[in-house]
Amino acid sequence: MENTGISLTTLTLFVPLIGMLVLLFIPRSQEHTIRWVSLATTVITFVMTLLMLAAFNSGDPDLQLVTYMSWIPQWGISYYVGVDGLSILLVLMTSFIMPSAILVSWKSIKERVKLYYAFMLLLQWAMIGVFVAQDLFLFYIFWEVTLIPMYFLIGIWGAENRVYAAVKFFLYTMAGSILMLLAILFLGNEGGTFAVPQLVEAVRNGTLQYAPGIEMLLFVGFAIAFAIKVPVWPLHSWLPDAHVQAPTAGSVILAGILLKMGTYGFVRFNLPLFPQASVEAAPVVALLAVIGILYGAWVSYAQDDAKKLVAYSSVSHLGFVMLGIFALTAAGIQGGILQMVNHGISTGALFILVGILYERRHTKALAAFGGIWKVLPVFGGLSLIFVLSSMGLPGLNGFVGEFTILLGAMGSDVLSFFFTFFATLGVIMAAIYLLYLFQKIFMGPVDKPENEALKDQPLTWQEYAALIPLLILVFWIGLQPAGWFAQMSASVSQLVAQIGPYVQLAAGG
Amino acid sequence: MIEWTNANYLPWLIPVPPLIAFVLIVLVTNRSWWVTVFTALAASVLSWGLATAVFLRSAGLAFGPGLAGAAFGSSAPWLDLGQTQFMMGVMVDPLTTVMLFMVPLAILTIFIYSIGYISHDPRRERFLAYMSLFAGAMLTLVVADNLLLLFIGWEVMGFCSYSLIGFWYEKPSAYRAGVKAFMTTRVADVIMLLGVAYLFAEAGTLDFRTILLDPAFLEKLASTPALIFGGAISAAGLIGVFLVAGTIGKSAQFPLHVWLPDAMEGPTPVSAMIHAAAMVSAGVYMIIRMYPLLSAGAHPHEGVYNAPLLLMTYVGGFTALFAAVIAIAQNDIKRVLAYSTISQLGFMVGALGIGAYTAAAFHLIMHGIFKALLFMGSGAVIHAMEHGEHHAHEHGRHPHNTFAGDAPFDPQDMRNMGGLRQRIPVTFYTFVAGAMALAGFPIISAGFWSKDEIFSEAWHLGLGVLGGANTGYGPAIFLFIVLAVAAFLTALYTTRQVAMTFIGEPRTEAAAEAGLGGPSSMVSVLMQAPLIVLGVLALVLGFIGVHPDFPLLGGLFSAQGNPFHSFVGGTLVEHPPAIPFYWVPLLTSLVVALGGIFVGYWLYWRKPVPAGQADPIQVSLDRISPYLYTWMRNKFYLDELYDRALVKPSMWVSETLVSAILDQGIIDGILHAIARAASWLGELFKRFNRVMIDGVGDGIPMAIGAFGRWFRNIQTGNVQQYLMMAIIATLVIGLSVSALIVRVNTGVILLVLGVLVVIIIVLNLIGRAWGGMAE
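Protein sequences appear in the order of chains A and B.
Numbering-wise, the working numbering puts 354 at position 354 of the first sequence, and it's gapless, one number per residue.
Numbering-wise, the working numbering puts 558 at position 49 of the second sequence, and it's gapless, one number per residue.
Looking at chain A on its own, in the form it has when it is part of the complex (with noise of 0.2 Å):
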């Protein structure tokens, strides 16, 4: 393959990197500035991935914007990077939810300024090449390097049992990746090459075949390294730990972002790659998707913590997402790929709104609070709203997401009947805990001196400035769905169209 010149996507991808070298030499105590800087720094990648998506054909099923330079031609390793309908929302999505953590922390972070930004803006360098990577091993790069600034975030800046969620989110995800690398190391071998399309493309006409069982095995490595990051039930219990020590930051990108890495990775290798093993895996995965729904309802349910709360509902969104996904199904896909787009928006809210009563009272506990709505009345609207949007309620995002990943799983080939009836379940289910997590905290009276004396703290600019835009899409997403979904239509088509076939084989027989 030839090289290319540098496109949009490479410039995009290293404007944060760019930023955080800025930051490097500024001095330490002008921490306004670096603070200025930074979120200058995300708002400029924002207005890149906007190009992008200027740019962007959303006719076209195949990557765009597309960089390709060889890097270790002797083991077919090279610098590949580009975005197809599969990836581009999600792109998207970094750097849109980037400013709000950075705007959260602006006044929550006050030690090690220069450290923390500098890490934020590596994370967010990692987090977009992992959504643009087009090489297996470039995108292993990526993936591992998103690890290391995220442990420091909770390590260094996060609550009272910080080390022992930071050590346990490194060691869980780490041990998940090994396999993969494994993996990806086979196919390279096998395939000649680690360019992602080139291998699809091998597979999908026949010049790239496993031999018998093979397929099943590097399907779950891929699988393991990105079930632990979605986290797909049982392998969820870092994500309370790492959510609740994390600082609001932390939470709002681990939730908003971090996950979907995983669930990205499933669309993006393990059904391309491995078809068949797909199908076959199919029920045993949407199984899991589906108790995940429900356990992670449950588990939400009994928490005192606000946090604990939004932290375990979000193994049961991602329930959902996985579902929609191994449904196998245009709309179940496409319906998982804007509910990664939604669980961002809704649930890194959530996690900002938590942030925003912590910083005030020191507390995340349910009991503490109560009547909230009355002192905080805009902050007690804007809560609901992100709610209900969590919820699902019909208007905002979370329900197109969910109602099409329904539809999808509904209409699936290889899931029956019983795990579109059981997701259902997880709707009531989420309408509970949420409900309670509002009533809980912003209404009943106002019986404690120390929620009253939260009038004298209304939300500063940069709270605002963090949720409005998160509010906008909540209802653009919610009313207005179409040009969402044209952006991914294309490129899912084609993936569906692909497995297809042994959907149809496995349906059959």
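Since the hints were made in silico from the structure, they are not lab data.
Among the clues, some could well be false.
[Unchecked claim] For each label pair, taking beta carbons as the anchor points, the in silico distance ranges come out as:
| no. | chain 1 | residue 1 | chain 2 | residue 2 | range |
| --- | --- | --- | --- | --- | --- |
| 1 | A | E201 | B | H808 | 49 to 59 Å |
| 2 | B | R1142 | A | Y436 | 22 to 32 Å |
| 3 | B | Q1173 | A | E201 | 45 to 55 Å |
| 4 | B | A585 | A | L50 | 18 to 28 Å |
| 5 | B | V535 | A | A482 | 20 to 30 Å |
Backbone N, C-alpha and C define an ideal beta-carbon position, used for all residues, glycine too.
Here the structure of chain A is known, so what remains is to put chain B in place on it, guided by the hints.
Below, chain B without anything else, positioned relative to chain A:
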């Protein structure tokens, strides 16, 4: 290109004004009460005007030739699902048309009334915002041309009812009622959503006209076996059952009716909204709308039923009777009405179950009008009682939301009332008009005609055809009997309510002082003007559905056939047959209505029950069994049953079983066990490598020795380090095993391990260097 002069686009505009009003009030006008009032009122007037224009046009009364069977509307793409485009649109057909008469009118009157009712509440602006959203959602639902848009309106209403029932959220009983309403209906909604998804999977669309006007498709769906139950039910049947489940929740049918009586916690205009114009009507509207699908494969007119129809018949019939029994024993003026709503909705659901399509629609419209009237009337009564109570006690200014819990006095308890007829006469006369309609008072009440039509249909389908050798009409016979009993009870409790509230001597000081501030007060005018409009309609509106062969009146009002029946019947592909005129159902409905009213008169009106004396029905029932009345009073203890059988166990599952045992105990426990195992393994490595160092003395063991020292370093006893060890140990094992299977060369494994070790060492060093990280 959208041509706005084209009438097909007009329905889009109907729900828009209240939605815009909602946004405006939330974002802009919420600081000024009068601007907010203007916004909300202007929006509801505009919606009403547009809807009325569409109504007149469709009904052929003005602006055009009428629908003549053809629906109109338009749609736009909303979702692109790869193979299918999902369209969103609006349409107007005869069923929509009659809804467009009732719903916006009820909304408009409720809005006017609300302004008077809520004007002293500190959150009055928010109240009107929610009400606007509520109205917008209901109108969206009515004009929707597909099941998804209908569902969106349906759910947004669910949310609005949650926030409006829990509007006084400082009061625990209020927010609990809100959550209960939302949760109960949501259980049903999600089942309905399942039906929607199933329908989409089968039909590839959710468009009403495409699905419902295609008999061939419905036939096919009725002969396809369902995904579950091994073919015992057809796909159409299962979808139908799911959809009916949605209605059972939304329209408060047994066993999901429990939320509706509690919904009385909200301000009274909300009750009127929920009980009449929106919410519960939406549930019945949906099944009427989906009737061709629900009845696919069944021919109730020939005695062939299917699962959804039977479900509707039995649930509706049972609910009608069950709720009427409970209503008799209630003393809260709004609760009586709440149970009457449940009961009346049962009439509609049951009627639809036996295929009485237009009768169900007819009763829906009539009920919407007179129930809005009754609720607003009861609100005026409560207002007057509160007023009287303040007067009586000279408490000075009271905020409007004095909670029942704070004050021992309950302004909603009918035992505290009596004699209000002289104090609030306008409310009394209009309330009586509504009560007559509810009781089915002959001829001059809307409810008489619609109930009579249901009776006639049930009779026709059940006993009336006994001449033929048909079997399978059991459902219709069942329905005829239970509805007759329910109608008798309805007339009885309605009369009881009017008598206890308005007749006789005041039983408390508050009742003696009750009033709305005189005929010239703003509140009085705003709250009573809507009552007069609806009161007149409650008396005369029924004449649009008189049977053509009804003695005298048939010729007067229905010379060309029953107007309502022939118009709404045009919604279906095949016009539902007009049934002949029967005397038996007419006499039945006369007997039960007048009988119930007479018994009520005899017990409560003739000799009003004085303060402190037991209820006459209670006295007579207690003679039979002391439990009877208590059970009725306590709604047959269903709330308690649900609490013990469902709520408590699921909380136990959540908190104990899943969260404590499974999540903390097993899943995290396994992880920690691995960590402990690894520390043991580390110990083993340490010994092993000591042996190696002692044994051999060259390079490789030296390296291992270094490793060993590092391991020793790690053995500091804290959990994280064990964990790290655990992972490494599993990795080594995992890698070796997979290497054997996948045959990756060992160099790669060493490379991987090397990378790992480096990362861990680096992390460890950095971690150590940072004092801040160690606890």
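Hints, verified against the model:
no.	hint	in the structure
1	A/E201 with B/H808: 49 to 59 Å	57 Å, holds
2	B/R1142 with A/Y436: 22 to 32 Å	30 Å, holds
3	B/Q1173 with A/E201: 45 to 55 Å	47 Å, holds
4	B/A585 with A/L50: 18 to 28 Å	25 Å, holds
5	B/V535 with A/A482: 20 to 30 Å	25 Å, holds
The earlier numbered hints are all upheld by this structure, with none contradicted.
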